[in-house]
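Student: Here's the letter readout for the chains.
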Amino acid sequence: MNRTGFFALPALAVGTLIMAGSPAAAQDCTTKIGAVLPTSVDWGRPIAETAQYAVDLFNEAGGVKGCKVEMILRDTQVDPKVGVDAAKALVDLEKVPLLLGAVSSGVSMPILTSVTVPSNVMQMSCCSSSTAFTGVAEEGKTKGLWFRTFATTRNQAAVAAMLIRDKGYKNVAILYKNDDWGQDIGKLVAADLEKIGVKVTANVAINDGQPSFRAEVTEVLKTKPEALYLAIYPAEGAAVVREWVSLGGTQKMVVANSLRSDEFRDAVGLKYLGDVVGHDSAPPRTDAATSFVDLYKAKFNSEPNGPGLPNIFDAVMISLLAMEAAPELKGDQIAAQVAKVTDPAGMAVFPNVDGLKAAKAALAEGKSLSYTGGTGAVKFDKNGDVSAPAVGWTFSEGGTSEQTYFTLSDVDGFIASISK
Amino acid sequence: MIGLISYLVFFLSGAMILAIAVLGLNLQWGNTGIFNGGVAAFFGAGAYALIILGGPDRPGELGGFSLSYPLAILGGIIVSGVLALVVGIVTARLRHDYLAIATFGVAIALESLVRNAEYLFGGAKGVRGFQRPLEAAIADPFTYSLMFLGLVIVCLLGVYIGLERLVRSPFGRLLRAIREDETAARALGKSPANVRLQSFVLGAMIMGLAGGLYATFYAFVSPQDIRPILTFQIWAMLIVGGAGNNKGAIIGTLIVWGGWVASGWALAKFAPADWQLYTGTIQYILIGLVIVLTLLARPRGLFPEELTVSTATGPDGPVKPPERGTVSTGGQQS
Numbered sequence: 147m148n149r150t151g152f153f154a155l156p157a158l159a160v161g162t163l164i165m166a167g168s169p170a171a172a173q174d175c176t177t178k179i180g181a182v183l184p185t186s187v188d189w190g191r192p193i194a195e196t197a198q199y200a201v202d203l204f205n206e207a208g209g210v211k212g213c214k215v216e217m218i219l220r221d222t223q224v225d226p227k228v229g230v231d232a233a234k235a236l237v238d239l240e241k242v243p244l245l246l247g248a249v250s251s252g253v254s255m256p257i258l259t260s261v262t263v264p265s266n267v268m269q270m271s272c273c274s275s276s277t278a279f280t281g282v283a284e285e286g287k288t289k290g291l292w293f294r295t296f297a298t299t300r301n302q303a304a305v306a307a308m309l310i311r312d313k314g315y316k317n318v319a320i321l322y323k324n325d326d327w328g329q330d331i332g333k334l335v336a337a338d339l340e341k342i343g344v345k346v347t348a349n350v351a352i353n354d355g356q357p358s359f360r361a362e363v364t365e366v367l368k369t370k371p372e373a374l375y376l377a378i379y380p381a382e383g384a385a386v387v388r389e390w391v392s393l394g395g396t397q398k399m400v401v402a403n404s405l406r407s408d409e410f411r412d413a414v415g416l417k418y419l420g421d422v423v424g425h426d427s428a429p430p431r432t433d434a435a436t437s438f439v440d441l442y443k444a445k446f447n448s449e450p451n452g453p454g455l456p457n458i459f460d461a462v463m464i465s466l467l468a469m470e471a472a473p474e475l476k477g478d479q480i481a482a483q484v485a486k487v488t489d490p491a492g493m494a495v496f497p498n499v500d501g502l503k504a505a506k507a508a509l510a511e512g513k514s515l516s517y518t519g520g521t522g523a524v525k526f527d528k529n530g531d532v533s534a535p536a537v538g539w540t541f542s543e544g545g546t547s548e549q550t551y552f553t554l555s556d557v558d559g560f561i562a563s564i565s566k
Numbered sequence: 052m053i054g055l056i057s058y059l060v061f062f063l064s065g066a067m068i069l070a071i072a073v074l075g076l077n078l079q080w081g082n083t084g085i086f087n088g089g090v091a092a093f094f095g096a097g098a099y100a101l102i103i104l105g106g107p108d109r110p111g112e113l114g115g116f117s118l119s120y121p122l123a124i125l126g127g128i129i130v131s132g133v134l135a136l137v138v139g140i141v142t143a144r145l146r147h148d149y150l151a152i153a154t155f156g157v158a159i160a161l162e163s164l165v166r167n168a169e170y171l172f173g174g175a176k177g178v179r180g181f182q183r184p185l186e187a188a189i190a191d192p193f194t195y196s197l198m199f200l201g202l203v204i205v206c207l208l209g210v211y212i213g214l215e216r217l218v219r220s221p222f223g224r225l226l227r228a229i230r231e232d233e234t235a236a237r238a239l240g241k242s243p244a245n246v247r248l249q250s251f252v253l254g255a256m257i258m259g260l261a262g263g264l265y266a267t268f269y270a271f272v273s274p275q276d277i278r279p280i281l282t283f284q285i286w287a288m289l290i291v292g293g294a295g296n297n298k299g300a301i302i303g304t305l306i307v308w309g310g311w312v313a314s315g316w317a318l319a320k321f322a323p324a325d326w327q328l329y330t331g332t333i334q335y336i337l338i339g340l341v342i343v344l345t346l347l348a349r350p351r352g353l354f355p356e357e358l359t360v361s362t363a364t365g366p367d368g369p370v371k372p373p374e375r376g377t378v379s380t381g382g383q384q385s
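Each protein sequence line maps, in turn, to chains A and B. Following the numbering used here, the numbering of the first sequence begins with 147 at its first residue and continues without gaps. Following the numbering used here, the numbering of the second sequence begins with 52 at its first residue and continues without gaps.
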């Protein structure tokens, strides 16, 4: 630049005059956003990849306010100290107005209370499902800066119970991941099942990283359940199910979306998974060309199977649309626009390049949007929680296929019926 | 600029809290030779005790004591001390690697306990809702973080000065005598078992203080905060800084924790875009490499233990240490 500076400067000025008004010229500026995700963990890396892909799509559609979005990614190592420090560095040193993450609630929570809220930065998590966040929000301590695109465990547990009810199982044993999400969902599913007259024979915690789960599996086997409910992650899930099946346990299982993974299917073997049905938040009921699944397949050449992928995709898209709509790139101003881009009465927006361009044009005219992404037409409540329609799915040769669809009113109706 | 200062204040608060825990370990390992593999347990006991004693009521869970902050943090220190007393008595006959494995087991057990006993410790979702002292009165977050850093530094200095005096006192000499040769110390009429227990409990109480400050810092604690990686981090800080040297313990903390977070920052900033997904893994390799290289180049740490001559108070006031050169220790004195 220095060598040619003498000539380049006038040329640049002329160039700018010619190019003025075209989006390409405006792309010279950069808007930074931060992401704190566990990239050093096997299931965390695809989440980060998907986040980056969503940012790339948004940039293809012209970026935020004509500026290219740069996502600065930091690893949390699933260590709260490391995650909070990374978040603080992003907020203080890089001045990001938006932070995506973290995955674990145990990391997201201290980031929320000691970094993002005091610094007026909006935080959106793909995957933190702890009910504790609802509590913080109800106390007004999130200042409206907190959102998550992961259906609350309340919503997920209800869908699990509905699947078990529809299958007609009468005795079910529950195995849950021994973390905040697993403990929550294990407890809620058990309570829901009792309410609808299904007996819970065992409710057993599965700790990460054990070489064998024989003790847990044997304990459950003794209770002779008719079916299993599994809320665990792929690596442990594969180990548990293999031991379970090899000891002669039933192959009738209902599983959480965390097991919607190729890794799990391949490790166990499709022939043992014929009677498995899973639950997940539903992708939108739209034609294929606009769906997240197809976008993902086109980019990564595989199904988006793995925890949190559509959720992080939506978290990025909703946040960036809100940034586009915000008068200034300040945390509270962006957060205030989230409702505008997820307004059920707004213009439906699909997250491909054309859809995003149309969305930005509509925002420029002051219209509201109904973002319809990987987890459906998302809508947040006042606590930043999302509830979503759900699907039941089964494993298939190519990945998974949808079997049943539960509308939001189905799910809410069920929750209302059992809370009587 | 303000951003940089704000970050540095935050970083230093975290690092100084860890330094307090490293000082506790230095008393146990550096001075007494007690191989504590369960640092996370005593740190965690302090953190959980503070947040339960000082926090608000949580429906269906232990808590709601709402003690004032000084009492709550003192409670954390005492709980850590009591835990160490029990562990210390039970493991009294264990040495070296056996003791390390036993204490490591205690830390794992404590993590499992807080993860599973939801009615007591909140389970995996952790304990939140703690109101930081004076936070409501000081509206500006930056001013508050400065004040908190001040509190942490006061605690660190208090512990540092206390330990410096302790290791230079006859009691410090006794600790080192036991570290070097327990049988010889017993032959001189000392009770190594007793002294080891005192050192273990005192070190654990210092870790409990660090844990309490840590829980205050985040106003939150969960089982994720007390995983075995914490024990490893604290040990790495002490080994790099120099076991047996309090100054080394603090500087080692700054170097290891600084390197830990700076490597993440630098990789995010300078690594090529295609590598960004793998920076987390690269960071782990770098951290391991730094520790190994330090150990190869400086086996006794960056600040090796100094030879000290303990002073005692005699009938005519403090007994002066002998003049330089009159003691044939062969090393430097201070």
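Warning: the hint list may mix true and false statements.
Dumping the calculated EDC-like pairs for lysine to aspartate or glutamate here, alpha-carbon to alpha-carbon at most 20 Å [what the hints assert, rightly or not]: (1) B:K320 to A:D312; (2) B:K320 to A:D174; (3) A:K370 to A:D354; (4) B:K320 to A:E195; (5) A:K345 to A:E389; (6) A:K333 to B:D191; (7) A:K214 to A:D558; (8) A:K178 to B:D325; (9) A:K445 to A:E206; (10) A:K214 to B:E233; (11) A:K287 to B:D191.
Derived coverage of chain A by chain B (criterion: at least 3 residues anywhere in the stretch with Cβ under 8 Å from a Cβ of chain B; other residues may be distant) [claimed, not checked]: (12) 192 to 204; (13) 249 to 262; (14) 386 to 392; (15) 440 to 454.
Facing chain B, from chain A, some residues (calculated, C-beta under 7 Å) [as the list claims (entries may be wrong)]: (16) T185; (17) S186; (18) K214; (19) P226; (20) A235; (21) D238; (22) D326; (23) V346; (24) V350; (25) D354; (26) D500.
Simulated from the structure, these hints should not be mistaken for laboratory data. As the structure is a prediction and not an experimental result, all values here were calculated from the model. We put the CB at the ideal spot given by N, CA and C, even for glycine.
Student: Take the C-alpha atoms of K214 (chain A) and D558 (chain A), compute the straight-line distance between them, and say whether it is at most 20 Å.
Tutor: violated (40 Å)
Student: Could you grab the alpha-carbon distance between K320 (chain B) and D174 (chain A) and see if it respects the 20 Å cut-off?
Tutor: holds (19 Å)
Student: Are K333 (chain A) and D191 (chain B) close enough, with their CA atoms no more than 20 Å apart?
Tutor: violated (40 Å)
Student: Can the hint on S186 (chain A) be confirmed by a CB-to-CB distance to chain B that is less than 7 Å?
Tutor: holds (3 Å)
Student: So, P226 (chain A) near chain B? Judge it on the closest CB pair being under 7 Å.
Tutor: holds (5 Å)
Student: Compare the distance between the alpha carbons of K370 (chain A) and D354 (chain A) with 20 Å, and conclude whether the hinted pair is satisfied.
Tutor: With Cα atoms ~24 Å apart, K370 (chain A) and D354 (chain A) exceed 20 Å; violated.
Student: Can the segment 192 to 204 of chain A be counted as covered by chain B under the rule of three residues or more with Cβ-Cβ separation shorter than 8 Å?
Tutor: holds (count 3)
Student: Tell me if A235 (chain A) is really an interface residue toward chain B, meaning its C-beta lies closer than 7 Å to one of theirs.
Tutor: At about 5 Å, which falls below the 7 Å cut-off, the nearest Cβ of chain B leaves the hint on A235 (chain A) intact, so it holds.
Student: Holds or violated: the hint that V346 (chain A) contacts chain B, with Cβ atoms closer than 7 Å.
Tutor: Violated: closest Cβ of chain B sits about 17 Å from V346 (chain A), beyond 7 Å.
Student: Would the hint linking K320 (chain B) and E195 (chain A) be met if the CA-CA limit is 20 Å?
Tutor: Given pair K320 (chain B), E195 (chain A) holds - Cα atoms ~17 Å apart, limit 20 Å.
Student: Is the hinted pair K287 (chain A) and D191 (chain B) satisfied, with a Cα-Cα distance of at most 20 Å?
Tutor: holds (15 Å)
Student: Are at least 3 residues of the segment 386 to 392 of chain A within less than 8 Å of chain B when you compare beta carbons?
Tutor: Contact hint for the segment 386 to 392 of chain A vs chain B: violated, 0 residues under 8 Å.
Hint violations for this structure: numbers 1, 3, 5, 6, 7, 10, 14, 15, 18, 23, 24, 25, 26, all remaining hints satisfied.
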